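*Asks:* Listed in order, the protein sequences are those of chains A and B. Sequential numbering of the first sequence, starting at 1, is according to the numbering used here. Sequential numbering of the second sequence, starting at 1001, is according to the numbering used here.
Hint data in this document are derived by calculation from the structure and do not stem from the laboratory. Errors might be hidden in some of the hints.
[To be verified] Which residues of chain A face chain B? A partial, calculated answer using Cβ under 8 Å:
(1) Val45
(2) Lys55
(3) Ser144
(4) Asp145
(5) Val153
(6) Arg224
(7) Thr237
(8) Gly241
(9) Glu242
(10) Val243
(11) Ile245
(12) Gly267
(13) Arg274
(14) Lys277
(15) Gln460
What you are looking at is a predicted structure, and each value in this text was computed from that prediction instead of being measured. Ideal Cβ placement from N, Cα and C applies to all residues, glycine included.
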Amino acid sequence: MRKLFIPVFASAFALGLASCTSCSGDKANNHKEAEGKGGVYMGGVMRLNEVEAFKSLNPIAVNENVGFHIGTQLFEGLVKFNQTDLSIEPAVAARWESNENQTEWTFHIRHGIMFHPDACFPDGKARAVTANDVKFCFDKLCTSDPNNAQFDVTLKDRVIGANEAFESSKAGKNMSVSGLKAVNDSTLIISLKSPFAGFLNIMAMPGCWIYPKEALDKYGLDLRIHPVGTGPFLMETVKEGEVLIMKRNPDYYGFDKDGNKLPYLDGIKYTFIREKKAEILEFKSGNLDMVYRLPVEIFHEIMGDLEHAKERKTDFQILNSPAFNTNYLGFNCISSTFNKKEVRLAFNYAIDRHKITDFTLQGEGSSADYGMVPYVDAFEKDGYNFKGLKGYTFDPAKAKELMKKAGFPDGKGFPKVTLQINSGGGNNILIAEVVQQMLKENLNVDVDINTVPFAEHIEQVQSGKSDFFRFAWFADYPDPETFLTLFYGKHVPTGATEKSFINYFRFKNARFDSLFAASFTEPDKAKRYGLLSQAEQVVLDEAPFMPIFYDENYSLEQLNVRNFPQNPLNYFDLSVVYLIPKDKMPKK
Amino acid sequence: MIKYITKKVLYGILVLYGVITVIFFLFNVLPGDPATIMLGQRANKNAVEAIHKDLGTDRPIFEQYAMYLNDLSPLSIHNYKNSNSHWYLDPTKYSWKSLFTAGENKVIVLKFPFLRRSYITKRKVSDIISETLPETAVLAFSSICLASLIGIFLGIISAVKHNSIYDRLSLVLAVLGMAAPSFFVGLIIAWLFGYVLSEYTGLSPTGSLYDIDVWDGEKLKLKNLILPSITLGIRPLAIVVQLMRSSLLDVMGQDYIRTAKAKGLAMYSVIIKHALKNALNPVVTAISGWFASLMAGAVFVEYIFSWKGIGYEVFEALTKNDLPVVMGATLIFATVFVVINIFVDIAYGVLDPRVRVK
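Chain A on its own, in the form it takes in the complex:
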């Protein structure tokens, strides 16, 4: 009896384990894809992952990537971006025109465009969108609200009456924005204070997504998880931080060039696996269809497969594109340590950016040879003079000379500096250590590295308590202006201890401000980009920051995913993505 005890117990345990492995197993997609016209496939569920939970799906509160990615499938603005080239496409508005000096824009609402069916409507039935809905949403955008993170980057200082409406709402008196007029159910006129060439980009931003008043009245604060939009997908289920399921919007207006109704997919399933390596494992196991932002530690392992990918030996596709994202180190230009331009320039010339990208980042990113605006060929084609910019090369001799000129020959007398970085990013500490080493070698300057949580980091930098800090800036929309606004003097407060939002460098330069402001009112895109590149040269001459590298977007997709390109904004439009059924895939 005693001798049997151990094997019997072990068998029972193993049986229990085996039975558990087979209980409640997840079935594969039961809904078969059907072939559409033109070689596409209708149906299937796209399985995606985000490593952070979304904060809010209330359009005016969306201020982070995850909300942006998810919200793009549920909502649309008057216009939206094309996923391939980020050009502007009609969305809620079928067409638009402007007056000669581009200060008045008339949008014609698409006939028959419907909100998603929702309990906020009588009997839960979908209803058509009108110009009054757009007016309501834009008036709300110009109202002071603790959830409103989008006013400053959208209609503020641009639309007539927007600022006044906002200020009035702060005093508790809501008023309509005078520059927004719903002429009738299908026509909205937006009047601008001055022409703004990037206006249509603003109209595609989350703050300008359209939602019904009924949803806000019914859900209030909980609108954050009860999105009601006009997008190609509607919200089916959400378990915050765990899973989010969207299904095809049957009333979506879109058709492709062959007449297939969009979206192609039946649905999207988002999970929120936080650990990046676990996410990659799930992708490799075939449980996710796409992953993006690969961790640098496994980058080489994945990219090593690129050679095989070209010969179709690998099990996934690798896509990449430059990103609208610049990683930099900033200076507090009014601090005693960095108030001399020569010191800031010396720091810039003492860094070998190519070494950082080639070795520290193992090729994930390109060295920041220009300025804050990353090189994008679309910008260059539109007139941004990248080639004319004099950026920072690696020139230790010049760096030493500049330090000498500043009164610190060979670093003598230069105070010890603390480089403050935020925790949580694998690259941050690696780059900081390399920069620390390069500054010591080339300038004989001692740099300490202080790692703090992001919350504390941003607080300290805004309050001017950190003289030398790390950040990355992601573009809000595809325009150089969104990068250069970081240097606009208007953002800088008068007091040295007051918080400086956006312009963390506390950089104020009259010439830069004048060129930047002139770009607001220049209607010609090429001339406008010319002004902005001139403004950037002013920044480069004054060196309020050290650009380190421009990020690149890498994503992995399963071999059966189609029409899901990578773009610099990391903008996902899943209405045009389709999945080839596994049995229809060409044999390897």
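Given chain A, work out where chain B should sit, using these hints.
*Replies:* This is chain B only, laid out in the frame that chain A set:
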């Protein structure tokens, strides 16, 4: 017994009050403005001011403390007329029963404690806890069951086969279990059994207790419990094995055990009927302590396996200075500790009459 439990409960309430006070003031000393954290790099003066006004963080610190206590307390005082006041009896926040009025526009109510909303997401803290705590509880319970059952069994074997190869092997495994960092072990287990051998195990590297299938809806996925439970259970298992072994060896050396053996009882009866009950005392203490600490959330394990428990939520809230979430979760943990301590005291009495509460 009633008196004893009442005393313990009152003491527990005092503990909770101390926890609230310490955490509240600690948070206000820590750097980090919730408004800036919510808005990130896109923060601007207008939005920051609006958030401070909404959260009441522009009020003096002791007023904020009083407002917080008022929200948490089942018995509270509110203004029922002025909807702009932070003391307003807001029906979207509270469910209450009015007791009596106090002054012109104030009322004292009995209400369910309001744990407020997350600063970052505006999600109700009570919703966050009610969704994540059961998942942590299940994970903690299954880990401790696994650790206890296997640990007690292996501990008995080690004690009975004292100084044999089994005994030495269990010692080595116990040391490894204690030494191996859970993050590293978790990654290895997830990779090995959830990816490399997934074809044979049928397991995946991540998952929670429930999964929502697009077509079939919410389904219980017990298999997702296996790998995180094993990872989380390794350390308590190691402790239980060693404790069980040493405790049983100690008891087996007692006179009454010698008497039982001399009477001709089978070893099985001697161990299970006579020795084990007494040897389990320290093991129960260790298991209860581990269970309580596992309930506080196995942050790393939840992170690696993407198990939607409370541990990782609290970790995230701490990094983002999300005071309501941290406060709500800490209060729950403190309550769990207090309750478990009461149960352990009662369990002692059941197991060993010598320490039964008079």
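*Asks:* Next, verify each hint and record whether it holds.
*Replies:* Consistency of the hints with the structure:
1. Val45: This interface hint holds because 5 Å falls under the 8 Å limit.
2. Lys55: holds, 5 Å
3. Ser144: holds, 5 Å
4. Asp145: Status holds, d = 6 Å.
5. Val153: holds, 7 Å
6. Arg224: holds, 6 Å
7. Thr237: holds, 6 Å
8. Gly241: holds, 6 Å
9. Glu242: This interface hint holds because 5 Å falls under the 8 Å limit.
10. Val243: holds, 5 Å
11. Ile245: At about 6 Å, which falls below the 8 Å cut-off, the nearest Cβ of chain B leaves the hint on A/Ile245 intact, so it holds.
12. Gly267: holds, 5 Å
13. Arg274: holds, 6 Å
14. Lys277: holds, 7 Å
15. Gln460: Nearest chain B Cβ about 7 Å off; hint holds.
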